[in-house]
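Given next are the chains, with one letter for each unit.
2 protein chains.
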Amino acid sequence: MNALGTHLLLDLKDCDKEVLNNLNFLQDSLLAAASEAGATVLGESFHHFHPQGVSGVVIIAESHLFIHTWPEHGYAAVDIFTCGDSTQPKKAARFLIEKLQAEGHSLMELQRGIQAISSIAPAARGIEHGHRP
Amino acid sequence: MNALGTHLLLDLKDCDKEVLNNLNFLQDSLLAAASEAGATVLGESFHHFHPQGVSGVVIIAESHLFIHTWPEHGYAAVDIFTCGDSTQPKKAARFLIEKLQAEGHSLMELQRGIQAISSIAPAARGIEHGHRP
Chain A
1 MNALGTHLLL
11 DLKDCDKEVL
21 NNLNFLQDSL
31 LAAASEAGAT
41 VLGESFHHFH
51 PQGVSGVVII
61 AESHLFIHTW
71 PEHGYAAVDI
81 FTCGDSTQPK
91 KAARFLIEKL
101 QAEGHSLMEL
111 QRGIQAISSI
121 APAARGIEHG
131 HRP
Chain B
1 MNALGTHLLL
11 DLKDCDKEVL
21 NNLNFLQDSL
31 LAAASEAGAT
41 VLGESFHHFH
51 PQGVSGVVII
61 AESHLFIHTW
71 PEHGYAAVDI
81 FTCGDSTQPK
91 KAARFLIEKL
101 QAEGHSLMEL
111 QRGIQAISSI
121 APAARGIEHG
131 HRP
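Chains as they are written, first to last, in this note's numbering: chain A, 1 to 133; chain B, 1 to 133.
To be clear, the hints were calculated from the coordinates, so they are not data collected in a lab. Treat the hints with caution; some may be incorrect.
As the list claims (entries may be wrong) - Derived Cβ-Cβ restraints for the label pairs, each shown as a range:
{"id": "1", "chain 1": "B", "residue 1": "His50", "chain 2": "A", "residue 2": "Glu18", "range": "38 to 46 Å"}
{"id": "2", "chain 1": "B", "residue 1": "Ala61", "chain 2": "A", "residue 2": "Gly43", "range": "16 to 24 Å"}
{"id": "3", "chain 1": "A", "residue 1": "Asn2", "chain 2": "B", "residue 2": "Leu42", "range": "30 to 38 Å"}
{"id": "4", "chain 1": "A", "residue 1": "Asp16", "chain 2": "B", "residue 2": "His129", "range": "35 to 43 Å"}
To be verified - Stretches of chain B that chain A covers, calculated by requiring three or more beta carbons in the stretch to come under 8 Å of a beta carbon on chain A:
{"id": "5", "stretch": "3-14"}
{"id": "6", "stretch": "43-57"}
{"id": "7", "stretch": "64-74"}
{"id": "8", "stretch": "77-85"}
{"id": "9", "stretch": "97-111"}
Using N, Cα and C, we set each Cβ at its ideal position, and we do this for glycine too.
Work the whole structure out from these sequences, hints included.
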């Protein structure tokens, strides 16, 4: 399979609620995650919602990182989409699991834009569940 | 199942190559798609790559729309992530399938941040394949 993009869907559970509501912390974390992956940052945009919650994107030359947080549920949805072979998106995922102090997580890897097969549906490579010891 | 977010993964195949390389057209299309879905636009950011390809995000109060295009493959990866019940993300997907003149597509719907079940992995609700008559 020859995919154009690797799409990691990271769900973080039982995170610290204060962390999930801290825009500056999340912005720094997502930028640092992009750096961990070896990506080139092109831009960023973060929004704080009332009464709580943050949405943020870091646009990278290799695609994007996104986060949406629900502090009231201790939950964050993260997407890490990269194209090409120059980045290590799983390093970004591991970094964010630690940084946001997630007690549990799931990490699903999808291949987007698969060539040379008739289906163009995203193909799941695998899903991982993790819990803090 | 009570999900916090609905995540549509839309893969567009055999699109018009000129369309996929036209930043202004794609920007207008993604903004119009957000409007079709009934979403509230908070911001946007688009980048054109050399020699070709466009990445763009529209941040909405209900989460985000993203597009990455590979004109050389006639392919675009689109994400439509919404939370709450006030939007109709599938309307945005249908709009983009038409607007980008995709000959084929796949549309996968994932539920993110599912509460009240032990797993936090994204759950697929279904996948649809379509071709132009």
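> Where does the structure disagree with the numbered hints, that is, which hint numbers, in rising order?
Replying inline: The structure conflicts with no hint, since it agrees with every one listed earlier.
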